[in-house]
Amino acid sequence: MSMNEFKPKIVAFCCNWCSYAGADLAGTNRLNYPADVKIIRVPCSCRVNPMFILRAFQRGADGVILCGCHPGDCHYTTGNYYARRRMTMLFSMLDYLGIEKERTRVEWVSAAEGAKFAAVMNDFVKTVTELGENKRLEDLRCKK
Amino acid sequence: MQKIGVFVCHCGTNIAGTVDVKAVAEALGKEPGVVFSTEYQYMCSEAGQNLIKDAIKNYGLTGIVVCSCSPRMHEATFRKTAAAAGLNSYMVEIANIREQCSWIHKDVKVATEKAIVLGRTAIAKVALNTPLTASETPVVKRALVIGGGIAGIQTALDIADAGYEVDLVEKEPTIGGKMAQIDKTFPTLDCAACILTPKMVDCAQNEKIHIYAYSEVESVKGFVGNFNVTIKKKARFVDETKCTGCGICTEKCPMKKTPNLFNLGLDNRSAIYIPFAQAIPKIATIDADYCNMLKNGKCGVCSKVCAAGAIDYKQQDQYIEQQYGAIVVATGFNPIKLDNYSEFAYNESPDVVTSLELERLMNAAGPNGGTLLRPSDKTHPHTIVFVQCVGSRDTTDCGKPYCSKICCMYTAKHAMLIRDKYPDTEVYVFYMDVRTPGKNFDEFYRRAVEDYGVHYIKGMVGKVMPQPDGKLLVRGSDLLTDEQLKIEADMVVLAAAIEPDKTARPLATMLTASMDTNDFFTEAHPKLRPVESPTAGIFLSGVCQGPKDIPETVAQASAAAAKVIGLLAKPALKSNPCTAHSDENLCNGCSSCERVCPYGAISYVDKEFRMPDRTTKVRRVASVNPAVCQGCGACTVACPSGAMDLSGFSNKQIMAEVDAICR
Amino acid sequence: MQEVMKKRAKELLASGEVTRVIGWKKNEFDYDITPAVFETAEAIDRDFVYDDFCGPNLSKFTFQHQKNDTKTLVFLKPCDTYSMTQMVTEHRVNRDALYIIGIPCFGKIDIEKIKADGMTGILSVTSEGADVKVHTLYGDKTYVKIDVMAERCLACKSKYHTIYDELIGEEGEVMETDRFDQVKELEAMTPDQRFEFWRGELSRCIRCNACRNACPACTCESCVFDNPESGIAQKAAADSFEENMFHIIRAFHVAGRCTDCGECSRVCPQHIPLHLLNRKFISDINGYYGEYQAGEEVGQRAPLVNFTKEDVEPDVVAKGGK
Amino acid sequence: MYRIPREKLDQLFALTAEKETLYIPTDATSGIAQFKKWNEGMKMSEKLKTSRSAKDFFFPQTEALVNFKISGKKIDIIDPREECEDFVIFGVRACDAKSFEILDSVFLVDPVDTYYKNRREHGTIVTLACSRPSESCFCTTFDIDPTEPAGDVSAWMTDDSVYFKANTEKGEKYIALVSSLLEETDGADVDAQKVATKEILGKLPFANLKKDAFGGGKTEQYFGSPKWAELSEACLGCGTCTFVCPTCQCYDIRDFDTGHGINRFRCWDSCMYSDFTKMAHGNPRLSQKERFRQRFMHKLVYYPENHDEVFACVGCGRCVEKCPISMNIVKVMKTLGEEEAK
Amino acid sequence: MLTSKEKEQIIRSSGADVTKCMRCGKCSGACPSYDEMEYHPHQFVYFVEKDQIEKLLNSPSIYKCLGCSVCSERCPRDVGPSKIVEAVLAMAVRRQDENHLKAENIPGMVEDDTPGQLLVSAFRKYKK
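In order, the protein sequence lines correspond to chains P, F, E, Z and G.
My numbering puts the first sequence at residues 1 to 144.
My numbering puts the second sequence at residues 1 to 663.
My numbering puts the third sequence at residues 1 to 322.
My numbering puts the fourth sequence at residues 1 to 342.
My numbering puts the fifth sequence at residues 1 to 128.
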């Protein structure tokens, strides 16, 4: 597979209240971002277990992004604060194990930020595409 | 094994235009567990819903996937459809192939492929769904209105009218808000006090309304139907139950050099004060920053003169806890600070004033008793320049990007009133655009120009320069004559942009209600649910949601009241069944979940367990109160043993979605 | 020390204050130590030992052998008390059913270091003061104790007891430690080097679960890796991913709760430096959220179930940390 | 008997690796020895034992059994086995060599485990006699002579030479493969080493450990012994002893969902694990005591009973060294043996 | 509408987004050189948007601008009229420096004793 043809698999966890709505707004405003991004709706960014992120990589994801309400704006008041700590720790550990830190990201996208959502996804897909296939955290059994 | 039905919606050409819906239906039909797959023009139409209902019955479907618009749009619709056909409403999953697919992709092949993946993901999830039943919680028949301006007053009156208890919390010593400071109202030019004060009195006299003036909301817990709010009653140092509002104390108080905030600091008052004559409640308040007794323990005049013995220098802040079924936010606005607009010399010259200050200067109860005089030398102004859009429509850091909406009209009002009362005064209005949509609004503005001879100038003031002789040299452009005007003015009036009150942001955090980047509360839907916050049970009234004039504010206030009444009229609320639950066999009782729960929904019980070796062991285990749990899922991740899981978004379901996407 | 402990244990047994004593006993060799429950003075006289080989952390053993209806005496070294405090915080042990005696520790000897030096056929090892004398079939050798001390003891964080009913010996202090030096070394490597390093280390894992089962923070009623319902259960790593997965998740589960007792690395039959994973989290928590030592006092709120509004954003990692 | 100078050992490895895959024990960074595929420049470990036993070569920790490929509603069954290449394991000790016989008696009897058989047939075992046994060794208890190891080829290493002797047809083939480097010799040095080693064996701490108290027919005598409770008390329930043991052969069969099919594989299991023998109703082995007892009863009583008094322990001492709480088969034999003596 | 090369260049070199202008005229209201100028700051913005660059290039206004940037400072939309004036001025200056030497004219200029090096350096200097 040449670099040009490489289409990354991107899993985006979006909180129901802000980021998922932001993604909807991006759609309503017809703001394009690559089809490589597939969104999973979760009630809150704090619902995302680090296990899910590892699972995505195991299953062949090349990048995982978590989007939630801006800190202070969480629908559940404090959820994204916990998510922020958890993800900081997880990302740090992945980096410590030598896994490309650019493959994981957290972005705060409000329901009003459709344009930001599209911009973030465009940028993330670009970053991951440049990195190429995820080789360091893959499960060979899941390859086709 | 589930029997899953897949329904792909065309949404007219919204989806079918970029997604090959037939191919999607066909591909998804081949997925394991899928026994029926079809596509249709409009799934949300009655015919579309009937299609789903028939399929549920004919194929004995145990779960359905609708590939359509965002679940935020029609999830509720399809849940009802399923329920009508006898299928549990939580056996429905939506694949969002419109907002997140057809609308953002142009290539049919790419969009179709993605739609299939999204459909597959929803199928993977629904295969693990379990029927859920919403539990019911009773609704507390009492509403809280935060903010006692015209918005809050109107909402409170309407709710009370329907027979429900209302608490009205106002941070100032009196209700009335900004409208109480306004002189006349457009487009009718009737006096604001004349139409506002009767409403304030109504509030005070209504048995169902309880006014907490000089109070603030301290904390909000709970959820729709059952909010638990702590209200802080700030110490007035005056016993409310004893004060008669006679005002002798305010006359006798020696601390007369206290800035009168009601008059925006344009004149002074005493340290103990009643903001204005028609204040509700009409109770004196001691300004602790200026009172000599409170500061230095010397004075005590007010206490001596008070016949009612109402003065209490030892009064403390009081905290009141109260339960509410609904909360209305009516926190209003303030003009922005003009410190960053040095070109208008607002901080340099007392004769450069904001429009709100002009209201006080022109008001009969204002500092000059209703005669318009220059603040600097109390002389009659002969030339007045109005500058519109100061800080509005301004995308730089010091301004606001939005239109403040009310300035065009009140400036026309001011110009007209001045020309009417002082025909020898020339009035110039610099404008970018004059915006007057509204009943009788444009007519009003035209009257200012045509009947009162106000000079409207298309252009903007670039600089205001105070002159040694006390005049203000105003330099601005007239774009139509292509000239730069230099006007020697006696006064300059700035139509400062309005912004939400600063207390709104911390309040939004307490309420978990979302705000936009300008700190206006966001509505649940910009068109269809304009008076509700996305957070259930929180309603919006007045400028806290966006700039609006008095008629609009009152309209929204009544609308919010109607929504509150609708909510309070319900005997019970169905709660979201997607709540957390703990597997007692796995629970360690370590308290991690309790620590992260924002609702205090988790408690612990000691439970006896039978061990494999047939002994028994008492263990501490977590137990979730489903009525209190809001289903955020923070606990599920905090739990190290995986005992805690979330219905509707279980670990297995989310992992199945991950798997399906990455397949 | 051993004799004082024995005497005190027997006193408490005799007075009926406690009915059981948790301590260590010697096994086949000098360096073989097994945690044990003693119920009689005779058993204590016969088997009870406390010397420089008594490495096993008795907190986890106490957790496994706790009884609610009777009081148990347990001897805890300073680092063991941190684990115990953490377990009390998490309601994993019944503090009321325990009588804790804090005992001093002067660093434990790591027999693996002596073996790694080529010593085999070891017939006896004796530790006296700074000398460690090793007598083997193939010759004798004397080591300076500090050279054969366990890694975790060389980087000892504290000689202070965070929980006890009584102390034997004098109370020590929290120590200055260079325990994050190895973490820093790893952080200074390139991602490729780190990847190679961990691949090399973790690929030796045989998933015996000794690290988990010895860990005083891993006291789950059922481990997610044993629970087929968890979706990540595995018995053996069938792919390099699963080797990573197990250790990342385990480190994450104990993050903010791990007291850095070092049992995981001590028990690893494959000599994987597992403590370096936990220490990374500890060092990150200290750096990002302020100094925090798990097990310092009962009732602490662990950093991962806590937050401040001003916490760093996760992109701090991408930006190169701290 | 053949001889090669020690300095030529690398050449021998190179020559072997040219034809077949060669594995030798080598030191890992962390101070343990492990079998690794030989490549140029690799140094053979001087350690007596590898951390893991050599059973991995024939009975790997995880092994794919069958794959199911799912496409839509269709399932294809795929045999994931690839043609096994011939390989040579160099430096297997007598204890591990003996363990292969025990594994054979489990996997190669009817029904034959074809996965195991396949690997076994392709492997040539070159054993290496021990000259510096460690304090944890007790192979002599089970009548193993570490100076005369079994295997396809036996080897002895002295200060300057390595001696070889072929024991099987496969062994002969291997000797022929490397014959260009070998010279024939009488093996007098080997005999001298054997005498010296045997003298050391007599001085080992476990030299007097006897298996006589155990064997078939002792079930009733030991099963109900009260000593099990105390012996198993500190057991953590980890699988260290099992996984380092060269004779433990229990495995679990698991399915892994790859997203596009199922991979069915087997992996080592441990009777020390709490979910071992767990069934729908629960676990008949109620506590760690029962699990602990099972492991040692199997090695010392049940297995000998069914296999002509051959014990399922080869005295390699790995469990003695690796157990986190220093509990092991020697302690069990001594404790229960004392009881027998009474 | 086709965008001229000049407009493109002005927008590129000034970095100003003329579409953001909402025609408030604050720039011109603030301009100290207003009376000196034929075209005023807001017109610079407007003319660029309407692609009437030539007018601006030929106007003395570009030399009257003091470059004080008060127009940009006051602009509520961050358009930056002064940046446009500057860009137009730069373009005009560059135009004065047209191609003074063309390759085909060289042979006619060459005399026997013209040093080759002079030709090369002249070409470098006067050829754009």
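Any given hint might turn out to be false.
Stated by the list, open to error - Using 30 angstroms as the maximum straight-line C-alpha spacing, the simulated DSSO-like pairs for lysine-lysine come out as follows:
1. Lys7(P) <-> Lys73(Z)
2. Lys126(P) <-> Lys319(E)
3. Lys8(Z) <-> Lys165(Z)
4. Lys331(Z) <-> Lys67(E)
5. Lys69(Z) <-> Lys22(F)
6. Lys116(P) <-> Lys71(E)
7. Lys471(F) <-> Lys184(F)
8. Lys304(F) <-> Lys314(F)
9. Lys548(F) <-> Lys282(F)
10. Lys331(Z) <-> Lys143(P)
Keep in mind the hints are simulated off the structure, nothing from the lab.
Here the structure is a predicted model, which means the values were calculated and not measured.
So, going through the hints one by one against the coordinates:
1. Lys7(P) <-> Lys73(Z): holds (27 angstroms)
2. Lys126(P) <-> Lys319(E): holds (18 angstroms)
3. Lys8(Z) <-> Lys165(Z): OK: Lys8(Z) and Lys165(Z) at ~17 angstroms, within 30 angstroms.
4. Lys331(Z) <-> Lys67(E): Satisfied, since the Cα-Cα distance of roughly 27 angstroms is no more than 30 angstroms.
5. Lys69(Z) <-> Lys22(F): Judged against 30 angstroms, a Cα distance of about 26 angstroms means the pair holds.
6. Lys116(P) <-> Lys71(E): With a Cα-Cα distance of about 61 angstroms, the restraint between Lys116(P) and Lys71(E) is violated, given a limit of 30 angstroms.
7. Lys471(F) <-> Lys184(F): holds (28 angstroms)
8. Lys304(F) <-> Lys314(F): With a Cα-Cα distance of about 15 angstroms, the restraint between Lys304(F) and Lys314(F) holds, given a limit of 30 angstroms.
9. Lys548(F) <-> Lys282(F): Holds: Lys548(F) and Lys282(F) sit about 28 angstroms apart, inside 30 angstroms.
10. Lys331(Z) <-> Lys143(P): violated (48 angstroms)
In this structure, the earlier hints numbered 6, 10 are contradicted, and the remaining ones agree with it.
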